[in-house]
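S.K.: Could you build all of it, start to finish, from the sequences and the hints given here?
The listed protein sequences derive, respectively, from chains A and B.
Residue numbering for the first sequence follows full-length UniProt numbering, beginning at 1 and increasing consecutively.
Residue numbering for the second sequence follows full-length UniProt numbering, beginning at 1 and increasing consecutively.
Hint data in this document are derived by calculation from the structure and do not stem from the laboratory.
These numbers were taken from a predicted model, which means no experiment stands behind them.
Built from N, CA and C at the ideal position, the CB exists for glycine as well.
Treat each hint with caution, since some may be false.
Unchecked claim - Have a look at the derived ranges for each label pair, beta carbon to beta carbon:
no., chain 1, residue 1, chain 2, residue 2, range
1, B, Met-646, A, Val-80, 24 to 34 Å
2, A, Leu-60, B, Gln-661, 16 to 26 Å
3, A, Leu-7, B, Val-659, 44 to 54 Å
4, B, Val-659, A, Leu-60, 25 to 35 Å
5, B, Gln-661, A, Ser-15, 17 to 27 Å
6, B, Val-625, A, Ser-2, 52 to 62 Å
7, A, His-5, B, Val-657, 17 to 27 Å
8, B, Ile-660, A, Val-66, 26 to 36 Å
9, A, Phe-62, B, Ile-660, 30 to 40 Å
10, A, Ser-90, B, Gly-619, 41 to 51 Å
11, A, Leu-60, B, Gly-626, 25 to 35 Å
12, A, His-5, B, Met-646, 37 to 47 Å
Claimed, not checked - Examples of chain B residues lying across from chain A (beta carbon under 8 Å, computed):
no., residue
13, Leu-60
14, Gly-637
15, Phe-638
16, Arg-640
17, Ala-643
18, Ala-644
19, Met-646
Claimed, not checked - Among the chain A residues that face chain B by a calculated CB cut under 10 Å, a handful are:
no., residue
20, Ala-18
21, Leu-22
22, Leu-23
23, Val-30
24, Ser-49
25, Arg-50
26, Val-94
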Amino acid sequence: MSLDHYLVLAGILFSIGAATVLLRRNAIIVFMGVELMLNATNLLLVTFSRLHGQLDGQVLAFFVMVVAAAEVVVGLAIIVSIYRTRRSASVDDVNLLKS
Amino acid sequence: MHTLTTWATSVPLSEIGPATAEPVRAGIYAVAPLLVGLPLASAAILLLLGRRSDKWGHWLGVLASAGAFVIGLLTFLAMLGRDSSSRILDVHLGTWIDAGAFHLDAGMRLDPLSLTFVLLVTFVGTLIHVYSVAYMDHDRDRRRFFAYLNLFVAAMLVLVLADSYLLLFVGWEGVGLASYLLIGFWNHRTPYAVAAKKAFIANRIGDIGLIVALGLMFATFGGVDFGTVLGADMSGVNQATLTGIGLMLLLAACGKSAQFPLQSWLGDAMAGPTPVSALIHAATMVTAGVYLIVRSSAIFDAAPTAQLVVVVVGAITLLFGAIVGCAKDDIKKALAASTMSQIGYMVLAAGLGPAGYAFAIFHLVTHGFFKAGMFLGAGSVMHGMDDQVDMRRFGGLARYMKITYVTFGLGWLAILGVPPFSGFWSKDKIIEAAFIPTDGQEWRAWVFGMVALLGAGITAFYMSRLFFMTFEGERRWSTKTDGSPQHPHESPALMTWPMIILAVGSAGLGLVLGLGGRFVDWLAPVTGSGEHGEPVLPAGVLIALTLVLVVAGAVLAWRRYAISTVPVIPPIGAPLTRAARVDLYQDAVNDALLVEPGQHLTRSLVYADKAVVDGGAVGIGQTTVGLGQILRKTQTGFVRSYAATMLIGLVVLVVAVLVIQS
Chain A
1 MSLDHYLVLA GILFSIGAAT VLLRRNAIIV FMGVELMLNA TNLLLVTFSR LHGQLDGQVL
61 AFFVMVVAAA EVVVGLAIIV SIYRTRRSAS VDDVNLLKS
Chain B
1 MHTLTTWATS VPLSEIGPAT AEPVRAGIYA VAPLLVGLPL ASAAILLLLG RRSDKWGHWL
61 GVLASAGAFV IGLLTFLAML GRDSSSRILD VHLGTWIDAG AFHLDAGMRL DPLSLTFVLL
121 VTFVGTLIHV YSVAYMDHDR DRRRFFAYLN LFVAAMLVLV LADSYLLLFV GWEGVGLASY
181 LLIGFWNHRT PYAVAAKKAF IANRIGDIGL IVALGLMFAT FGGVDFGTVL GADMSGVNQA
241 TLTGIGLMLL LAACGKSAQF PLQSWLGDAM AGPTPVSALI HAATMVTAGV YLIVRSSAIF
301 DAAPTAQLVV VVVGAITLLF GAIVGCAKDD IKKALAASTM SQIGYMVLAA GLGPAGYAFA
361 IFHLVTHGFF KAGMFLGAGS VMHGMDDQVD MRRFGGLARY MKITYVTFGL GWLAILGVPP
421 FSGFWSKDKI IEAAFIPTDG QEWRAWVFGM VALLGAGITA FYMSRLFFMT FEGERRWSTK
481 TDGSPQHPHE SPALMTWPMI ILAVGSAGLG LVLGLGGRFV DWLAPVTGSG EHGEPVLPAG
541 VLIALTLVLV VAGAVLAWRR YAISTVPVIP PIGAPLTRAA RVDLYQDAVN DALLVEPGQH
601 LTRSLVYADK AVVDGGAVGI GQTTVGLGQI LRKTQTGFVR SYAATMLIGL VVLVVAVLVI
661 QS
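M.R.: Quick look at the structure:
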């Protein structure tokens, strides 16, 4: 297991997450894409932490997880709220600011 | 030069310069402000009450003018009771402008010169007011007419009574306004409205001169009141500045007095009702330029170059008006040309310096009488002839309008300068003064003397032509505008009496004022009585020469326009006649030199304004809007596209950093 494997895996995970965010319309799926991207980043942080023998990266990964958890709470609440008012969870329908 | 030398030293009383003035408050002088107040109040009342004062408005106007005359007369009598050395009085009215270094009091200068004008304006003005009551009887706007006439009288009195150039300027603009309103009184006819505008614009060009002169005076003397400016020690002032002030004052005088090259408006100004032509465009307002020059005598005396230009302008206008007068068939326009020419005489005299000032004013007064009388006569003829003004359609009117004939005849004899009528006493003196060498330059005496002499001959010809074409010869009447035959008839008493009084003045005023030099002595406190040189020809020879020329001109006119038949259709005439008919192409020259280039300039400026200024402002707006339109398309409202933009941006950033680092 060389460093390259970790990097490539993180890149693949990040790309899948990004593609999900950009291509899917369902807000919950988009959210899952975001989580995937965050986790790809976490993987990199942990990888380099181990590579350099320092704990900074792992600590940062924990921070990311905590923030992601908080973010998920707020984000899901917004999605539910939008779904209740608009009967839709599609991100394309949320364009009040444009019109 | 006498004003310079006499200012500092004690001198004989008769040579007191124009600068000594003493303040007065008591007696008749205290009511002097009413001179202006009465007509002004009347004008305000008539204009504010509007149609409600239609029934009695004209009589209020007459009363206001007559009241001003009575006050003027009382002031005059009080002035006569004073010693001639203390006849320059200042009535202080209050502080007008107090701004930093500039302090100006409003006040009235009562002296022989201003009182002469006051009496002329109010007396002739009142007569013309009375005349207008009948003349404007059928006009539904008669009340408005009287309001304007009163406004004019008030403004003219401000002009002549002002004790500073700035207050004079107020009156100067006031008479210009009144003149504009009255020329365009029948402004529902486009040519009349255009004539009013033309007069106003020509006057404005002159006004620029007065404004510049005001500025120069303030810069040079530190004030614009007569006491400061005319009392200043001119020998310490730059000659070029004095010449500049003089020329600017002359420009103002040219505009107001229809002198070359600003003369073109006067002929068109005849569009106004005839009493207006008599009062404003013959007797009073157009002579304001002469007043300005004589009032500023201290400046002109110290600026010989400006004086020479004044004389040249006077001489040119004198001949110009006379030549134009010979060819005009419109009786009012012929009289207007004559007015121009006669004012040319006055300006010429005013340019001759101390030798001519008094005679300029003297001629102004006599001219005010006989020319106003003749204009009223012309109005009477028009009144009896269904507003016909073409002299070729008159003829033989002497039998039908006896009073008009006689009164006009007296005015005619007066303007010809036949002794002992008024014109002889004033015009002959001007001719004599023109023959006196100035500063020892004999060529000037010969040139300007001969011009004045020649002018007298031409005057005799064209005035006789006018007189004979109207009153003598056979009838050449056409029908009225409605097709019925003409019935010339004498005008009502309200019109004839003013004419009679003015005719008496035309006949006798010169004798009364001129005999023994009474008028010259009366004006001496203002104009001074400098030493007079001797004319290059003896005075007796000059009088004889003038009379010979006058008789020759009159006889020529008699043969051509009284004995022989006057064609109703004007003959083609000599080239000079054709040129004179169109005012020696003055309108064409003005159009080509000023109007058309001016119009081109304004049109190009309008174009430049639209293309550059507006184009710039609008262009910036349009560019911004266009850019916004393009950028707006990126704002789709789709979160995903925003996210994609961010991602792409990030990738580009990373790639860029990598490329730079590698």
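S.K.: Kindly indicate which numbered hints from before are broken by the structure, ordering the numbers from low to high.
M.R.: 3, 11, 12, 13, 19, 24 and 25
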